[in-house]
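A.B. asks: The listed protein sequences correspond, in order, to chains C and U. Read in my numbering, the first sequence has 366 at position 366, and its numbers run on one by one without any break. Count along the second sequence starting at 1, add 1000, and that's the number in my numbering.
Take these hints with a grain of salt, some might be off.
Pairs of lysine-lysine residues, derived as DSS-like cross-links and limited to a Cα-Cα distance of at most 27 Å, are as follows [as the list claims (entries may be wrong)]:
| # | chain 1 | residue 1 | chain 2 | residue 2 |
| --- | --- | --- | --- | --- |
| 1 | U | LYS1139 | U | LYS1122 |
| 2 | U | LYS1062 | U | LYS1122 |
| 3 | U | LYS1139 | C | LYS264 |
| 4 | U | LYS1139 | C | LYS189 |
| 5 | U | LYS1122 | U | LYS1058 |
Read the hints as simulated data drawn from the structure, not as lab findings.
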Amino acid sequence: MGGYPAEMQESIRHVEATRMHRMDETYPRMPIEERQRLLDDFHPDYIDERMRAIRVGVSKGQRMPLELADVIEGRPHIGPDFNLSEPRAETDVLIIGGGGAGASAALVAQESGARVILTTKLRFGDANTMMAQGGIQAADRPNDSPAIHYLDVIGGGHFTNDPDLVEALVRDAPLVIDWLERLGMMFDKEPDGTMVERHGGGTSRMRMHSARDYTGAEIMRTLRDEVHNREDQIRVVEFSPAVELVLDDHGHVSGAIVMNLELKAYFYIPAKAVVMATGGGGRLHFQGFPTTNHYGATADGVVMAYRTGAELGYLESMQYHPTGAAFPEQILGQLVTEKTRGLGAQPVNRAGDQFVYPLEPRDVEAAAFIRECQGRGNGIVTPTGQPGVWLDSPMIEMIHGPGTIAENLPAMVRQFSRFGIDMTKEPLLVYPTLHYQNGGVRLEADGSTRVPGLFIAGEVSGGVHGHNRLMGNSLLEVTVYGRRAGRSAAHYAQDAKLGQPSLAHVARWNEELNDVGVDTGVTSPILLPDYTRVT
Amino acid sequence: MEDQQQDLIPVHIMGKRYMVPPTLTIVKAMEYAGYQLIRGVGCRGGFCGACGTAYRVKGDPKLYFGLACQTVVEPNMYLAQIPFFPAQRATYDIAQMEATPATFFSTYPELLRCLGCGACTKACPQDLDVRAYMAAGMKGDIAEMADLSFDCIMCGLCAARCPAEEAQYNVAILARRLYGRYLAPRSPHLAQRVEEIEGGQFNTRLEQLKELGRDELVQRYEARDVEPEERG
């Protein structure tokens, strides 16, 4: 079934005609000043009318996409008079979120002596971690070092990253790889045990570790399996998203209100410390973009943490992954891993010409794709009107030999063959897709925040990546910061004494919204997007 | 989704008939029909295994399997959401095991009950040869089972169809974890780097980098030498 329609096949012939010539052609990297001009003109973050400042809370004035601002300024699910005197369970460390960060935090918190409850919106492991394909960065080869990794991260982030957070990220990276391997994760290796490592966008050394193109899935299922093995000390509660944090009368975090998603019932779980690990907000579809994100990515953690007084940062910056699927319609916006370019596939336009270095940092690469289509009219347009550029995947086997694609990109092959496209023979049509929330809740390198008892890990946080994250640093972030937050939360919980639990901050939030006259008509966190046609 | 005058097709969701656009995946067709999904949906990208589904088409006796987020509807499809399906899972301490066939058989003794019927292979939405990896498991070949099962997304359709009541995907992850921890050759570079980091070797250089102002950082970033791509 399927395959490309005739008018697209015509353009594919141009791609085929230039392929041999392009094999030896290296498109130059973009100088820093030109990068900035390109971003100003074509990156979605720089479109002023799609952004606004939030009007309430400790970070008021912070700019962010309209869709996110509406949710952050939303009304709580529950009122301040909610009955906190009949808790359903009780724990030392409550972890909110069942992705890579939450699972890592659970394991290390438990090893640090804490009793743990992990609560998650859908199933444990239904998370962006599971979907991350390309790899995880760690400077473990002799020609590389954490210092070189540091420079790549901070340059890719446009030099706005929090230095302490970058330091922790790059220094822990090899330790995390070692930890994952001891848990039984299977990395891609040479027969002698040497890790197979490749480039990603913006890397100056080949340090991208992978597990075929199921890298995130392999991390997630390994961590999940290990959490299940410790079921006596880590209790997992599925289909139960948190909707509000609870503070005590000293302003310390003392658990959360959780909703049973099926029964629509709310209950209180007291905890001495909370690790917020809820991920990002791609399902808010900023600026109308499709997204690579999982169904539950609705920015819940940012909403809940902000109401307790945690600071936000970098939320004016979202990551649009350059290579979302632009054809066929059924998988619009789903990820084509950056590893495809790492293996040598070049982006080319309608005429089969290169127009950008294939591995620029993601924001630059994405802006160049948008410029090629919207600014220069050199894109390809699908029958449903979706623009895109070609990603010349057949080059991979010309460079590395037959079988390379099946061996390294089995998920991609499977994805496209379901729709009649053979990526070993035909290029893929791609266009930027909403992928990652660069900003979020501000944190320290130990995972702590300015709110006592509240710890942060993963995509919900802001500052690690500055204004642009490099490939392979999010799987790294969830594991590095999951471990750090889990350890810090367990240590904090050892000495924490819970006071009188209270939702006074919810009352204050409502008052502030009323005082400023804000009513976005949203109850948040929104928990799930509504895609139903009949409402 | 553009709601143009395209021809709609009939599908049956939990026995009720709905008209939906023919281009939609099963997940999107259910949403088009008005369902707000909670169960049977997850990453929507074919990786998490939440939406494994079985369906029939009118007039065709065969039972089909797929991921609801990756399978396009067809006329007169009979769709169901598969509820939570319980499966046996052993509890173990990976750090205290040996990667031997004996460990394997004692952790999952039911492995040896496999009939080799292949119902699992037919059900796999990843097109894995589940029967073959189970056969490798019965031979005690942990490495082969790990390799053949690697692309498993643990959706559980294999276990749902198994007449011998196996939980293939749970046995397979034990194989992969045993392989990853005990059988895969270790990376000498990684071990050395871990030792260097734990000895504090990079602390000074990282401290120095953290102190640099923006201009100096930009300069160093621009001056980086980029390791050439491997070719051939």
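A.B. asks: Evaluate each hint against the coordinates.
C.D. replies: Going down the list of hints, with the structure as the test:
no. : hint                  : result
1   : LYS1139/U - LYS1122/U : 22 Å, holds
2   : LYS1062/U - LYS1122/U : 11 Å, holds
3   : LYS1139/U - LYS264/C  : 48 Å, violated
4   : LYS1139/U - LYS189/C  : 25 Å, holds
5   : LYS1122/U - LYS1058/U : 20 Å, holds
The structure shown violates just one earlier hint, number 3.
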